[in-house]
Structures are given as C-alpha cells and as structure tokens.
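Line by line, the protein sequences give chains A and B. Under the numbering used here, read the first sequence as residues 1 to 265, first letter to last. Under the numbering used here, read the second sequence as residues 1 to 302, first letter to last.
Each hint should be verified, as a subset may be incorrect.
[To be verified] Where chain B lies over chain A, by a calculated footprint (3+ residues, C-beta under 8 Å):
id : segment
1  : 118 to 130
2  : 138 to 144
[Claimed, not checked] With the C-beta cut set under 7 Å, the calculated list includes, among others, these residues of chain B facing chain A:
id : residue
3  : Glu87
4  : Phe135
5  : Val266
Keep in mind the hints are simulated off the structure, nothing from the lab. The C-beta atom is built at its ideal place from N, Cα and C for all residues, glycine as well.
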Amino acid sequence: MPDPLAARGSRHPGGWGAPAAATRPRARRSLVRLATAAGLTLWLIGPTAARSDSGPDFGTLGLNTSTYGSVVSLVTPAAGLAQADDEFVVQRDVLQSDNTDPGLIQAGVYRSGSGIALDNCGAHAAYVVFTEVKAANSMAYRCQLYNDVSPGALVTLDVFRFKTAGTWGIRLDGVQTGSIYRLGFAKAAPAIGTEIQSLGNSYQSQTSTRYEPAGAAQWTVYTTTGRQHSRRVTRADSISAYPMADHLWKTTRPPAEVTIKHRVP
Amino acid sequence: MSRRRALAAGAALVIVGAAIVVVLLGGPFSGGGRPPVLNPASVAATVVPGASAALIAPRAAAPGAQRLQIMLPAAAIHPPAGSGPLETDPTTASVYAGAGWRGAMIASVVAPTDPALTQFVTTDKTGGQAPGASFYLDGVLRTAPGQQPAAMPMLDRVAPARERKQLDDNIRTLIAGLPPGSVIRAGVRQIPVDPAVRGMAYAVSLRVTDLRRLRFRFGDIFSGLATGLAPGPDSTVEGLAIHVEDAAGRTAGSWIATRAAQGTTVVDPRLRLPRIEVPHIHFVDETGGPKPVASAPAGPAG
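Given only the sequences and the hints, what does the whole structure look like? Please build it.
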C-alpha cells in the first residue's frame, strides 16, 4: 500500500533539471552537476524529511472507558495491537455512546497499518474519513470510508441528522491549507426532527475538556484552563460559539473525560 | 523536387498531428478517456438476475447529484416467511444486509462512469423498503459529484480462478484450524459484478455446530477467510460476504462492498462480540491482496 507520508517526498522527475539560463558550456556543466547533486541529495533525504514534519496534527483521542465501554478501547496501548507506528484511529468521536439509538456511533479520521483495522473496512494506510453507524436495537454495524485526507489538509466534516429518526447525513469538504488539521462534528440536537450544522473545530493546544449536560438542550464545556462555555444548541449553530469545545455530544450518563494529545507539529 | 518533398512531409505532419489531436480528445480511435456510462439496469441484472436500476432524484444531496435506485426481485430482498422483526431477528437483518451489499456493488460499479452519482437506494420491485431497512439498503458512493474514488490498484487484476483458489484455500485453512467438528458445511457462491473487467464477488456460507464457542475465533472466520481478497485499498475482489449460522439458528455475518468502501456486520445479540477480533490461524495470502489483520468492531464488547 502506498505510504501517504513518503508520497510527500519530492521525487517528481524533472523537478531538478539544469537551469535553462546557463549559457557558457563550462558553467552550464557545473550547474548541471550541482543541480544533479542537489537533486540526488534531496531525493535521498526527501522522504525522511517529509516524514519528520508532515504528520498532520490529528492528535489522539482517549475517552473515559467506564462511561463509554469498549467502544474507545481501540486507542489504548493496553490492547497490545495499536502501536505507535501502526496508528489505528487518529481521531474519533463517539456520538452515540449508549448504543441504544440507531444512527452514527462514531466518526473521524482513520488510518491503520498492519496491526489492526477498522472492522469491515480493512487496513488503510492513507488517512481517510470514516463513519460507523448502528442499526436500531440490534447488533448491526456499518463501516463507511469517505475521502482520503492528505497530510496537512484542512477538512471540515459535517454530520447531521435528518428529520427521520436514525437517518444521518455527512458533508465533507477538504482543502489544502497547511499543517493544522481541523475536524468538526455535530451531535444531533436533542429532539429528533432538528437538524444541526456541524461545529467546525481545531486541536491547536493540549487541553483536557469535560462536557456535562446542563439541560435538555444545553451543553456546558469545561477545560483545564478554567474556561467555561455554556450555550444552548440551536439549529444551525456554529463553532464560533464554542471557542474551546472540541466535541459535543449528548449523554445522560456521568461526565466524560476527554483528553486530546498532540504530536509535535 | 525538394519543395515537393517538403510539402509531402508537411502534409504528413499535419495528418499525424490531427490524428494525435483526435486520440487526445477521445475520438473514435481512442481507447482511453473516461469510460462510457454503464447501463445501471444491465449491471443490476448481471449481479442479481431479475434486478433493474434507474436514476432518481437524490435526497438531501449536493447540487447536480443523482441517486441510483436498484430494484431487486422479492427473493433477494424479502426475508423468508416466518422471519421475525428486523430489530430482533438477525436472520431478517442478514437478508437486508445481503440485499444492500448487492445494491452497493451495483451502484459502485456504475459510479465511476457517472460522476453525478452520489447515493444509492435498494428496494424491491415496487420501490418499497421495510421500515428500518434503509440502514442496510441505502448508502453513499461519494460525498459530492465528480469526486474520484480512492485508487484500488489490485481490484479485478487477479484472475477469478486464482481468487476462487484463494478463497477455497482460506476455507480449508479455517476448517483445519478451528476445533475439530466446528464447521459442518461450507459453501461459496461466485457472483459476477462487472464482466467487462472480470470483476467478481463471493458469498461464503458456513454452517457450524455452535457459534458461541467460536466467538473468539471471529478473527479467523471473518478476517482470515478474507485473506488476499478484501477489504481495503488492496482488495482484489468486488465484494465478499461471509455468513455463519449454527445449529441453534444463531448467526453472524459480514458483507464487504469493496468499491463502495463499506461493510456491514450483523451479529446475533445472543453472541457478545469480542473486544478485538484477532486471527489466530495462519492464512496464506496467495494474491498479494489484503493480509489477515485484527479488527475492531464498533459494538459493545463482551
């Protein structure tokens, strides 16, 4: 399978040609040699250099397993299968933690090596957006992969619920903007029949965030910085109202601890 | 004389140039360019005899998007008489999962030739679906019109005979590796999906003695059996379905539609899924396709 990071190396043939402006033969030959040497050097170190700095700032997500059960156990090293070089799920939101409703139960960006794969969707060396949905009152699950995500790409993922119970939609729009990775989700509004826009978001700092339901349709977000954000979720709400909120979801269970760890950019 | 020669050479150059332009623009001599739009109805009838398909208006999709409706004959989409409700009878869910799997394969074969196609819906011949069955029967092909599917360089590049040998060897390996007597019967159905490129899918049915005793062998049953075939970008086949049933009627199944990049799992609620399904048996990858790998189901762990 192609290595998405190595693919960023500049091995394009013709990328390091002789300068066209060289007029004198000797100077031209020297420039050709110089360019060739430089090109060869870049060719040799290119993939390594790309590897060292091209890792997108996806971060990893760990959840309180006492609240969310095994759904999130995949990201823990304790499983003995998810190795540092064999990344499995790089970012994942569990959107239906109790597994009782039909609909989207998790979504995020996924990549795996040879150690462990997403059930039914297999190993995928390139970063790819995925969803996993569950049928009502059953043990039926569906994995769906969407677009591949280039390292460094800015991706906005909109997940929303239609007016029919259990019917979810997804919008995905990726553009190349640099090294900051952004991913946003919307938890369905509390009442079926309400559509809610995604809450675009970014992980730009290491933080610990706690979410508590503060009412039927209201969310309170705590962060380690002591900032508190509380706002009623409304139709077509936007992330601008949640400057520190990375995830939102609805639960009637005890608060979940969410820790977002970052790689060195 | 030399002027005549120059004129002739010039004319020849013009002809050659024109031919190149024609080829580049995808004229009648070209063998490349975008493939012609496949007839959805004929693809549907290839995968499921008696099926048909037609483009319909999309539901909540991007502008310019289209949706493919695949209409299957009753035998392919209606659960057998006496089946229980969808929510409680995994056999019913498995029938829908199988129907949606076929729908996904039909739609995803057509999709590369029709950039506007973003969704599909699988129905019976009257256009109907049972309540709740859309989970299994409908799906997404691309999030926006024109989006190119992920590259699958090995798809349909292996001869069907080699694919079948890989699958048969996987089954033999599985039976030899499970506790003796676990597998009572194994069967394989070969399903042509896209004859133009020898695209095939395979449906495996296993009859076992007691599925509960094999709960921790799901990695062998589902990932092991798929060795060299699916899923993922290095898949070699269009689809793979594995359905297991034991003497007590407990079932577990997996339906992978390769091009659609989706897969459905249906497990009897009486069977608690393991936390991670790890293959224990050594399966040999004969095609260079996907290796057996531990997988993580999304459901609650046992």
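Verification of the supplied hints:
Requiring three or more residues with a Cβ within less than 8 Å of a Cβ of chain B, the coverage given for the segment 118 to 130 of chain A holds, as 10 such residues are present. Residues of the segment 138 to 144 of chain A lying with their CB closer than 8 Å to a CB of chain B number 7, which satisfies the three-residue condition for coverage. Hint status for Glu87/B relative to chain A: holds, with the closest Cβ pair at about 4 Å, below 7 Å. Proximity of Phe135/B to chain A holds as hinted, the smallest CB-CB distance being about 4 Å (cut-off 7 Å).
This hint holds: Val266/B has a C-beta 4 Å from the nearest C-beta of chain A, less than the 7 Å allowed.
The structure agrees with every numbered hint stated previously.
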